[in-house]
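> For reference, the chains in residue letters:
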Amino acid sequence: MFQSGFSSYILVALQPGNVLACFVGALVGTLIGVLPGLGPAAAMAIAIPLTLKLGPTAGLIMLAGIYYGSMYGGSTTSILVNVPGEPASVVTTLDGYQMAKKGRAGAALAVAAIGSFVAGSFSVVALQFFAPLLARTALAFGPAEYFVLTVMGIALLSNLTGKSRTRTLILMMVGLMLSAVGVDPIGGLERFSFGIESAQGGLSFIAITTGLFGIAEVLSVLAEGEKPMEVLPVRFRELYPNREEMKRSVGPMARGSVLGFLIGLLPGPAATMASFASYGLERGISKDKEKFGKGAIEGVAGPESANNAAAGGAMIPLLSLGLPFTPSTAVLLGGMLLLGVTPGPFLLKEHPDVFWGVIGSFYLGNIMLLILNLPLVGIFAKIVRVSPKYLLPVILVMCAVGTYADNSQLFDVWVMLGAGVVGYVMRKYGYEPAPLIVGLVLGPVMERSLCQMMIISVGDLGGLWASTLCKVMWGIVAISVFLPLLIRAAKTVRNGGGGEKTVTIGPG
Amino acid sequence: MTIRKEIVSSTVLTLFGLGFLGYALKYPLDTWACPGPGVFPVSVGGFLSLLSLWQLAQALRRRKRAKEGEAPRKDPVSARAFFRENPGERTALVLIAGFVVYILMMRWAGFFVSTFLFAVFASRLSESRGWWGPILLSLGIDVFCYLLFIVWLKLNFPEGFLF
Amino acid sequence: MKRKVGSMGETVISAFLFLLAVLPAWGSTPAVAADAWPVKPVELINPFAAGAAADIQARKLAEIISRDLGQPMVVRNVTGAGGAIAYNEVHRAQPDGYTLIWYSGAINTLAARKQIAFDYRDFVPIAGIGAEPVCIAVAKDAPWKNIKEFIAYVKKNPGKVTIGNSGMGSVTHMVPLAMAAKAGLRVIHVPFGSGIAVASLMGGKIQASSQHPAEVFSQVKAGEVRILAVSGSKRIGIWPDVPTLEESGIDLEFDQWRGIAAPKGTPKAVVDKLAPLVKKAVESKEWIEFASSVGSTPQYRDPAAFGAFVAKVDQYTREIMGNAGLLKK
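Protein chains in written order, with the numbering used here: chain A, 259 to 766; chain B, 14 to 176; chain C, 237 to 565.
Isolated chain A, as found in the complex (with noise of 0.2 angstroms):
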């Protein structure tokens, strides 16, 4: 049912004024995604006012575009300055940040766009053919296998940074840690609060992310008086990635398009988990782990295309069921509803061209992103050799800035500062906050479908593996955590017992 109008959803989308909304829509997200804090939903929801003077195709399609503009501009900030512009980039500081480091900062924003392209245009391809049939199989998910999932994140995560696993782990406790502060998702009971009224609604995610990195990292660069990075002059060939960097970056690409898509399919913070995955994975099947997090293009190459994939996938339930399974394709919902649009299997046949036009702008507005984009590298390729007595004021105020105007809470600026002190003292002792953010994202997820499952089977911890999705998911973990114990224990067994060197657990 979905192809009898291909042809005609190019043309709805190819109007004038379509193509400006797309064009603003690309451009403000672009601009939301750069800058730290305020995240997508929060700009979505700001901006609906003013789609709303647009009529319905247009006013959906400015709100798309300002949906997936954002995933283009987080890894700009990330990548230049290893301040992440969004959570979902956050995993893009790892080897982003040490690529800009070596004089390759163009070629990371270049293949970071290329990949939101790629990934970008394949959840359009996949969202038009597959969608419906794929909303069924999210529907799998239950509490339950939610709650497996989150256990399957935090196993297969914890060698994200190939240091300690212990110490991954612990950050990642941390981060569920600070998830419980505020209200409990089921009874309501105000928990680490301390009396401090913002504190009920918990500590705000984009707020952490933003001090543990943005802050925290202006607090390093002053404390040890680092020198604007020596970039070597380039000429503009080789501003691009080479073709060995973009031989190397096919795969990645390739592979954090379908992890990232089918993450998309799943309620929570998709994106963000979408690219700590894709980089989980990228290092995990890599040969050659060491280079990670020394600046290997693949770690950025793999998260940027899922980040993108997944914000398409979850355009799946939203358009084919209904349902909006993350805090931004809710404001989509919204903002449909609000121009008189209803979302679910009937919209192809009441509003096909508002269907075809939000399709048609999804493919204008990725090629529109990645002409905006490619030239700009260049530009924002000279800001790592900006002094850092003119960056350093920007990224401040521009953390605060995003921060409070995310919701509007002067505590969550008090948040963000908190955690830039924290994330500063972190970085001294050797610990890299990235787990920490991981623990932050599933925290929420993790308690809710808990206490859902045991309410739903009445206290049968059986309920946990109940379903064949489940006991997958539970073999996945197993094989994660027991298969490098195995291989250790091999390991030793060959060498003849000279455990000397492993005082960590895990390998590497």
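Honestly, the hints are just simulated from the structure, not real lab data. Heads up, none of these hints are tricks.
In silico EDC-like cross-links for lysine to aspartate or glutamate, where the CA-CA straight-line distance does not exceed 20 angstroms:
id, chain 1, residue 1, chain 2, residue 2
1, C, LYS276, C, GLU299
2, C, LYS396, C, ASP377
3, C, LYS548, C, ASP358
4, A, LYS311, C, ASP304
5, C, LYS516, C, ASP538
6, C, LYS350, A, GLU455
7, A, LYS686, B, GLU98
8, B, LYS18, A, GLU690
9, A, LYS311, C, GLU299
10, B, LYS18, A, GLU482
11, B, LYS167, C, GLU299
12, A, LYS311, C, GLU525
13, A, LYS647, B, ASP155
14, A, LYS647, B, GLU102
15, B, LYS39, A, GLU448
16, C, LYS350, A, GLU448
17, A, LYS311, C, GLU522
18, C, LYS396, C, GLU385
19, B, LYS167, C, ASP304
20, C, LYS470, C, ASP487
21, C, LYS457, A, GLU608
22, C, LYS276, C, ASP508
23, C, LYS396, A, ASP718
24, C, LYS276, B, GLU172
25, A, LYS686, B, GLU102
Knowing the structure of chain A, use the given hints to seat chains B and C on it.
The following block gives chains B and C in isolation, referenced to the frame of chain A:
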């Protein structure tokens, strides 16, 4: 990453985990059929405590093993001497203090005034000489924020006596 | 970046600059005369997440009101803690008419459960806008044709049937609670967020779900979900065939009401100016069509009637919660 740092950080994390665990125990655990708000925090708090204790034990074992070859540890230095030797750390502290003033100020001086002053302060702190550079930069930041958030997105920022 | 020792002096100067500029500002708060209200945008604080049924109604209504207000009415989402944060913020705000709350049954349930330290008496009612029922939804292939069959089944299987709702203590929780109390049922209430409850229902993880119409109407239209009954006093326009609980023999009528209120102490002039504008908006064809399309029944209440109504619901809410053992001492 020295062993000493590892020991210090593991100890702090263990204490944090135990403190969190102790505090979480005051929340009800309720029943299996309806887990209370204490279940999740108690579990993660306990898990963190165990993990950091394990890390601490590993580090202590490593120190014992490495003790012979290790250079004599420096005596703890006074805070004053530390900051004299590390002017960067001092700058970072000053920035944190400035940030606190900035957030406190926003409520009564308004967003734009505070942001302007804070941006001037921050750029002076990061080694700008002269006053014109920082002032122009801060004005630019203010105008950008104003256009984006107030004019275009119609957000409300804390207002003060001027704006 | 080169560090030079001795920059401390300049730092101190910078810090001094901070204080110098702000000292004269102590205590001077902007006072705006109420008779000229509004001279700047009016904020409608919305305790619900962007995109939720309550949010889109707030945004639509704010847009209609803005046309006559002379200033934009801007909706701002302040989410978290089941709405407590938003109510706290408005409760604390200057009562100058520029901070309003998108008022609903949450004030009753939050206050009853002591999640906020005040109740409806701390707000000035401006206008009642309407109500939307709670509906009992089941999956398309569920064995029950109507609510009577469902109740009979639950009676035969006490403590086995799961009903999802959008959060403990929410209005969607109150209805199955009261229904269970009236009909003598034992059900398992599963607190969810909105979208996930419907997905779990469609995926067969729970047997029924208690939702506002706006959260399920597109799934109902698609034939994925059936509605057994609605909780209001009348059937609603989008589902003329779905009976109310009362028609099905359960003496229960419990709606989610909506309206606009301001913090206590807001000048009467503000209420007098805004209430007629709300009336005009609520009675406009555009609003009636929009509200009905998301399952809400528009009904304007003037400030006095609205205040009395909220007080009545408050008492009823405490009754239901008391019976269910949800009231905190």
